[in-house]
Amino acid sequence: MSETKPSVELKKVVKRFAGVPAVRELDLVIPQGEFFSLLGPSGCGKSTTLRLIGGLERPDSGEILIDGEVVNDVPPYRRSSNIVFQNYALFPHLTIADNVAFGLRLRSRRTPAAEVEPRVEEVLELVHLEGFGKRYPDELSGGQQQRVALARALVLNPRVLLLDEPLGALDRKLRKDMQIELRRLQAELGITFLYVTHDQEEAMSMSDRVAVMRDGRFEQVAPPEEIFQKPKTRFTADFMGASNILSGKVRAADPDQSDGHSKDRLSIDLDSGITITSEKKDGVGPGDRVEFSVRPDDIYLRPPGDDLDTDNRFEGSITEKVYLGDVTEFDIDLGGGISLVCRSESREAQRLDLRKNQAVLVGWDAEDCNLLDG
Amino acid sequence: MTRKSPKFLTAFCVALFLFMYGPLFILMLYSFNVSEYGVDWQGFTLQWYKEILANANVQNALKASLLVAIPCVVISTLIGTLTAFAIYRNQFLGRGLLQGILYIPLLMPDLVMGVTLLLLFTSIGLSLGIMTILFAHIAFSIPLATLVIIGRMARIDRRLEEAAMDLGADELTTMWKVTLPLLMPGILASALLVFPWSFNDFVITYFVSGVGSSTLPLRVYSMIRVGVSPTVNALGTLIVIVPLVIVIIGILLEKRRV
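Chains as they are written, first to last, in our numbering: chain A, 1 to 374; chain B, 1001 to 1258.
Worth flagging that the hints you see were computed from the coordinates, not collected in a lab. Any given hint could be a false lead.
[Stated by the list, open to error] Once the Cα atoms are required to be at most 20 Å apart in a straight line, the calculated SDA-like pairs of lysine to any residue come out as:
#1 B/Lys1177 - A/Lys356
#2 B/Lys1063 - B/Met1113
#3 B/Lys1177 - A/Ser108
#4 A/Lys356 - A/Gly337
#5 B/Lys1177 - A/Arg105
#6 B/Lys1177 - A/Lys176
#7 B/Lys1177 - A/Asp98
#8 A/Lys134 - B/Lys1063
#9 A/Lys176 - A/Gln200
#10 B/Lys1177 - A/Arg110
[To be verified] Now the stretches of chain B that chain A is said to cover, found in silico as 3 or more residues with beta-carbon under 8 Å:
#11 1052-1064
#12 1173-1187
Just so it is clear, CB atoms sit at the ideal spot from N, CA and C, and this is done for glycine as well.
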């Protein structure tokens, strides 16, 4: 029965700190076994949401349910969730083995003493830390401490694992490895993961679904691809790196009947005078003011005079060129106060010999124009 | 320039240490001097140590001092821990005021403290003796103990307690298994400070001791009224050396444990 119930459910949850709202009427349903991420800048309420679910904060109003049961008044030590803290919060006075065994040894859990040690060994093996049991936390590297924190939570077989920026303090390479590791563990154990992060790449690469948070509200809750390709709001678009946000007025639907799928198109006059073609969107008609985003890597660049077979095509000039390794980033001035950020593969950019202060042909397809909600 | 300043600093440090510890060394030196009155060196002897250790008055005074200092350490550290919890962990009206009041006994002149306590004890009809000394010592030790423990408490990461609760420990278990072990260095430090604080006190003890009961500092005072004898030097040396050795052993043990 309980398998059909959502793992975590929030109903109009509100939390204020000294009168200042941190979380505003959140509604959320996380099904069993999902890898769900809360993504947002610092102060957006994502950690507070996690602490509310873990029981470290109490909601001012609304309901929190775990496995279908309201847990508003259940203290953290009686909840079937466990937290992996941002800075690990390992007990410095206990060995690794004792840290991991902490929860098991509590009287409330009633684990027979003979079972504790094998369980601890088993979990340390799961996080690749076999043989580290006798050491103290300060003798371990950041990555190892992180895995101890994980083991300490996992050993209790939680129904929900709450991870509060667990990889924030690790270097890039280690973070990548741990991301894969976490995904593997989650698939293997089938536990619901609620993952809090401000790193959009991290959220993208691991999650089944992502909630983008801002000022205590969800801006958008969707699978990573959708958030990435079809951000609903200006904030989400910007946060996901779709930094080209333009605005204009819809002139007409169906601007050009000669094109085969023109019925799905909109013609938008930008404030600077140029007109672009975009995909149609429900509820948007002639005369409406709209904003839309274009991802930097959806924009094509060609030397002037080259062919460029895109729905939108303009002349511009390169005002800045930054080499980033795999990709090269260009700032393009389209005139009329419009500038775009474009990203090309570095090899492609080299082949086309695109240089700073040079004229350039810029283009993108109608389907890559993502209309934002008002 | 860069060459000169270390030399100057070395000289300064030597002078400073001589100023601080020179008198102490002279006292120690004379405690082994055969000559009873003179300041001239007449040879090495342990005679004064034998005398002082056999002196019944000194023995009784030492007993009294320990009888005060040990319970004082235990009680004021205990109360200090509880007070620190109350002040640091709770938000209540007058919290800041209470913490401010805690500092006052540390700044108040001992004379005033002594007179006030004497007034209190006589007005409620307590007869002066070991008990009143103990009460007085506890009174001036609690602020010290509390402040030391609050200092340690401020350095404990609250998330460790949250982690314990998250792992299934209720409030009491969390306190017992996480907070107190982490607070232990603070509690020990407070005990190590309170002990000499109580053991060495002279002024306040002088007011509240009454006749008949006398701690070691009071005994030393009455001994030097008739002149500085080598036995006083020997006693002074012992009072300095014994706690020093204990503390050094403690530090060494602490180092080995880690």
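Taking the hints in turn, this is what the structure says about them:
no., hint, verdict
1, B/Lys1177 - A/Lys356, "violated (64 Å)"
2, B/Lys1063 - B/Met1113, "violated (24 Å)"
3, B/Lys1177 - A/Ser108, "holds (14 Å)"
4, A/Lys356 - A/Gly337, "holds (18 Å)"
5, B/Lys1177 - A/Arg105, "holds (11 Å)"
6, B/Lys1177 - A/Lys176, "violated (35 Å)"
7, B/Lys1177 - A/Asp98, "holds (11 Å)"
8, A/Lys134 - B/Lys1063, "violated (45 Å)"
9, A/Lys176 - A/Gln200, "holds (13 Å)"
10, B/Lys1177 - A/Arg110, "holds (17 Å)"
11, 1052-1064, "violated (count 0)"
12, 1173-1187, "holds (count 5)"
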